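**Q** Using the supplied hints, reconstruct the complex from the two chains, each of which is provided in its own coordinate frame.
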Amino acid sequence: MSSAAGSSVTVPLLEARNVSRTFRVSRGLFKARRTLGAVDGVSLSVQPGEVLGLVGESGCGKTTLARMLLGLLPPSAGEIRIDGRPVGALDRRDVAALIQPVFQDPYSSLNPRKSVGAIIALPLRVQGGCDAATRRARVEEMMERVGLPRTLYDNYPSQLSGGQRQRVAIARALINRPRMVICDEPTSALDVSVQSQILNLLQDLRRDLGLTYLLISHNLAVVEHMATRVAVMYLGRIVEEAETERFFAGPRHPYGEALLASVLTPEPGLGVPETHLGAAYPDPLHMPAGCRFHPRCARVMPHCRTVPPKPIVAEGGFVECHLWDSRMQQGAAA
Amino acid sequence: MSKTCLRHGGRGTGVHGMSERILTVEDLRVALPVPAGTLNAVQGVSFHVDRGETLCIVGESGCGKTLTALAVMDLLPSRAERTAARLELEGSDLTRLSERAMADARGNRMAMIFQEPMTSLNPAYTIGNQLEEALLRHRRVSRRQARERAVYLLDRVGITAAASRLGQYPHQLSGGLRQRVMIAMALMCGPSLILADEPTTALDVTIQAQILHLLAELQRELAMGLVLITHDLGIVARIATRVVVMYAGQVAEIGSAAAVFAHPAHPYTQGLLACIPVPGRTRRGDHLGTIPGLVPSLVGEMQGCHFAGRCPHAVEACRRTEIVLEAGPEADHLVRCIRHEEIARGVAQPVAEAAP
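For the record, the sequence lines run as chains A and B.
Numbers in my numbering are just positions in the first sequence, counted from 1, shifted up by 244.
Numbers in my numbering are just positions in the second sequence, counted from 1, shifted up by 1187.
So that you can see chain B by itself, here it is in the shape it has in the complex (with noise of 0.2 Å):
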């Protein structure tokens, strides 16, 4: 019953078959002023999610990935400055919305699910509270309605007893469970969109494992779009259909996971990949691969790649211009460096760090 209200039609542009755009971002600015001038996090960042694929924003602490979902979701601290050439949503230009249609499009349209559950639950509300709130807000339903697909979804996202949880409060769940919660309170309104920030990084692997299995199931049986934000190359490589390398604010490569782990291109995503030990494929004891040095501040504007002050391959064309995408070694596959080719080639010599 409740799973005819699951997707809500007739909104934006309508169905389109498979490839249905969902999200449009293009040339995303995120700047915020700090003590020593202007902090800019996100620079020029351009993707687009198709209904029914996941994207994967991945990269380390610091490279935007967050402040670039949250400026989708317009959930920015207010004194940080958002432009965008494109920000739009099933067709709607989120730029132009106002606060208040924004509102009606956040949980509604676009939902969003955080590393934390516990900092995103309120405390002081039970389980059924807050999930019926997220429909009632948005939806002219009633209150058992809300209820009812509350515990459907529940139920949907695998937490025995649906009914029972309702009166609960977060603190009486595990953190599993309350991400499953926080699943579901985004599931509420059937949106098109989900924004997943890290939303198993704070969990065992085997729950993580469960609730991955869990979000690609249903963002498979909704057909919706899903961002997923890690810095777990293997969460991306089994989840992602495409997938956005991001360095320093900016995109370092962009293609189909199977692309991207097929012919990483750019030398921080073969440096991220040549970091991590994979069973079966490293050799105990053998040293891991490294990125020495640390993600450069992005206070004030940057001269060249960013990615030059750690890669073994730089030169000194690369810290001269400034350095755009270009075409990668496969289609709609995109690589921030001018060096790619050669270093496919193996042509490329780690150069010495050249001193300045």
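The following block holds chain A by itself, in its conformation from the complex (with noise of 0.2 Å):
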């Protein structure tokens, strides 16, 4: 595998340039549509064989972003480039052999009226170019890799497990041999012993097939095991990226810090953490002016109600916050 760190002349295998993305939301019959920025100016880089883990609370754009990644939406502005081609210049199906998906929920994400051979078959067969029988020796290949039963060929979805259909709907996204995998809460409606089941496959995939992963995960304990990049999304809007360890160390955003401190690790005596984060949940359709997050943040500064902050630089990352900007703060003590 190559590695991605050095110099870095290496092209990213997936760019998100200043996408946004918004939509109209109706209101009511009498009432003007208005406009809802699910994802506002998010730049991202994924190089190949990285994990990136990407956070954020429901209703923040990571599924917006990841479709949009995927090439299933079009973004209302920006650009992203998948291999260092625009995405808006490659065929449908060949975004689909470099990037597929798995989904949250293996119940609704498998067609019920196929076979598990089917649906693993049907994206060799979207490609075409192999014949039946090489599709159904693939297919088994595959199975056996995902550690599904050849035996299973024939069943139904409604007939397999949790841990079974994750299993089918992994198989699916990686019978093309795709060079990376967007997963969007893969165990989040697993159990626990389920959950490590899934987990280990996808780092054995990733090693033994050289994938790279976008991992979607409100769950930090996992984007910790998995990740080694760690992005932040607050609102329509990337706020933290920082280095695995480096996150984990200390995240430099409020936001960040207020995730961290919700893992809920098994020490007993600890407590249930105070986030300090109030009762002001986030409404994409009211954006607040200023910083997004100054409505909850426990350290607001006057200047973050009305200035957006900028990305800052930081080692390995940056963060879009008034505390790590030294100007603002030198003026805010003067």
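In case anyone wonders, no lab produced these hints; they're calculated from the structure.
Watch out, some of these pointers could steer you wrong.
[As the list claims (entries may be wrong)] With the Cβ distance kept under 8 Å, some of the chain B side facing chain A (calculated, not the full set):
| no. | residue |
| --- | --- |
| 1 | Leu-1284 |
| 2 | Leu-1459 |
| 3 | Gly-1472 |
| 4 | Gly-1476 |
[Claimed, not checked] Only some residues are given here: those of chain A computed to face chain B with a beta carbon under 8 Å:
| no. | residue |
| --- | --- |
| 5 | Asn-262 |
| 6 | Ser-302 |
| 7 | Gln-441 |
| 8 | Leu-443 |
| 9 | Asn-444 |
| 10 | Ser-506 |
| 11 | Pro-546 |
All values reported here derive from a predicted model rather than from experimental measurement.
The beta-carbon is built from N, C-alpha and C at its ideal position, and this holds for glycine as well.
**A** This is how it looks when you write it as structure tokens:
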């Protein structure tokens, strides 16, 4: 596997440049439709061999971003590049050959009327170029690889357990040997004993097939275990990005701090932490002025309410917070 | 002002100081008729909850956690059959209560918080209506008093502008706010016992921490008994006084949180703990522990240890006899495993699956 580190002439496998996506939301029959900015000016890049963990609460735009990266949803603004080429210039099938998704709910992401074999074979048929016998052989090989007994080939999703279904989803994603997999909450719907099996499988597959992952999760313990880099999303923006070790040693953004404080490790006696977030829940339809996090921030300063923070480059990543803006702090102190 | 009516005294055994027993469950069984026979969902579960104590019931889905709670509340589906040697709330025998007396106890002396607040809140009524209803049903109070208490409790559970929320409908609130409303509703009558079934599973991690923080705080302040059902061992470790680990309808292990986490004695508990990544403890990229196989079907009778089919330490004796709870490594610590001492000493070798 080629190393992503070093002087970096490597082309990012996946790159988003200032990508935004807005939706027009109906507010009832006689009210004007409003614009909801689900993703607002996000830039990120994923190098080959990396696992980028994307964390944030529901409604912050993680899934919208994932759908744009998969080419399933065109951005309202900005550009997405896959392997150095703009996604708009690529055929839908070319994108699918490079990047594949694994979704959260293996109960709704598999067609209940197709057999396991047919589900896994579908991407092969779409890409074309191999006959039925080859397809079957490749599907069976992939089933074995993800830990599904071949005897399940003719079974239907309803006959499988949650863990087996997620293995089917993984096999379907990998059958065309993509270079990257976007896993959107791949284990949230599973019991812990099954979750660990799927995480182990994803680790093995990454090592054996040289895969790159974008792992979307709200479970920070899972992200710490899997990811090499962490990006924190809040209300449509990435507010912090850092190497995994650096992030877990001490997040720079107050929201990252709150997220990390919320991880309940199985250590008795520590109690439930106070997150200091208050009860002001984020509403993407009423975006706060200034820093979007300021209504919940425990370390809010006066100018946070009016001036949106700019990304500040920090070791191995960046943070979007006035606390790290030395010029702003000096200004506030003066 | 409203704080005075938060606790209602005088019922049951009254206040006996610190270790007042609120709930006693002994040999609770729940059976459901299914096409293939009888599903023995809960098979002789015993535990108790004292005032001011948080008991966590933990286990994978399908272990009988929720049915145990529903059996205590007498909210089981009508075809389910419930038996118990003892089922007592503050000394009164719940199995002998008439339907009407049970309805009086429910919501009043004990209340339940469900996983998905949207399914337990009525979308057609305002928050205020539903909160006030809880008190008006059980107490002789005026609507104004009920409203005052609703505002007080909404404020107490951290909902801002509480008075203006009363006119809102459930769909106008976020998931976290709805769960706070559910907690406020459960507290309306000042119950002695709260049963919370996965109250934070549908919520984001930061909101989860806030809700659990709130529950723990209220439970201490109001000296209630709290039964919290969860599959998340992290939550258990942080909030439980005592822990019940359930597996396939039975108690696999029960003890204080300190005992169960310091010396997990049942291979199932050990397996669950090995499955979860812990920042700073599990190394990145290392394999996590797994529990192979699935929870067995509970239809019909089962022989031997329920966990034997998935247990790395299972031997022939585990499959032959019924395994009972025996004294574990710590005080007040029970474990349903005949080999737990050998396993703790490290003598027990993982046994290759002996073919029957």
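**Q** A separate judgement is required for each hint: does it hold in the structure or not?
**A** A quick look at each hint next to the structure:
1. For Leu-1284 of chain B, the suggested interface contact is broken, since its CB lies about 34 Å from the closest CB of chain A, more than 8 Å.
2. Using the Cβ-Cβ criterion of 8 Å, the hint placing Leu-1459 of chain B at the interface with chain A is satisfied: the shortest such distance is roughly 6 Å.
3. Satisfaction of the interface hint for Gly-1472 of chain B is found here, the shortest Cβ-Cβ separation to chain A being roughly 6 Å, below the 8 Å cut-off.
4. The interface hint given for Gly-1476 of chain B holds, since its Cβ lies 6 Å from the closest Cβ of chain A, which is under the 8 Å cut-off.
5. For the restraint placing Asn-262 of chain A at the interface with chain B, the shortest Cβ-Cβ distance is roughly 27 Å, beyond the 8 Å limit, so the hint is violated.
6. Hint status for Ser-302 of chain A: holds, given a least beta-carbon distance of 6 Å to chain B, under 8 Å.
7. A least Cβ separation of about 5 Å between Gln-441 of chain A and chain B falls short of the 8 Å threshold, and the interface hint therefore holds.
8. The closest approach between the C-beta of Leu-443 of chain A and any C-beta of chain B is roughly 6 Å, which is under the 8 Å cut-off, so the hint is satisfied.
9. With its C-beta approaching chain B no nearer than about 5 Å, Asn-444 of chain A sits inside the 8 Å limit, and its interface hint holds.
10. Contact between Ser-506 of chain A and chain B, as hinted, is supported at the beta carbon level, the nearest pair being about 4 Å apart and thus within 8 Å.
11. This hint is violated: Pro-546 of chain A has a C-beta 21 Å from the nearest C-beta of chain B, more than the 8 Å allowed.
In summary, the structure is inconsistent with hints 1, 5 and 11 from the numbered list given earlier, while agreeing with the others.
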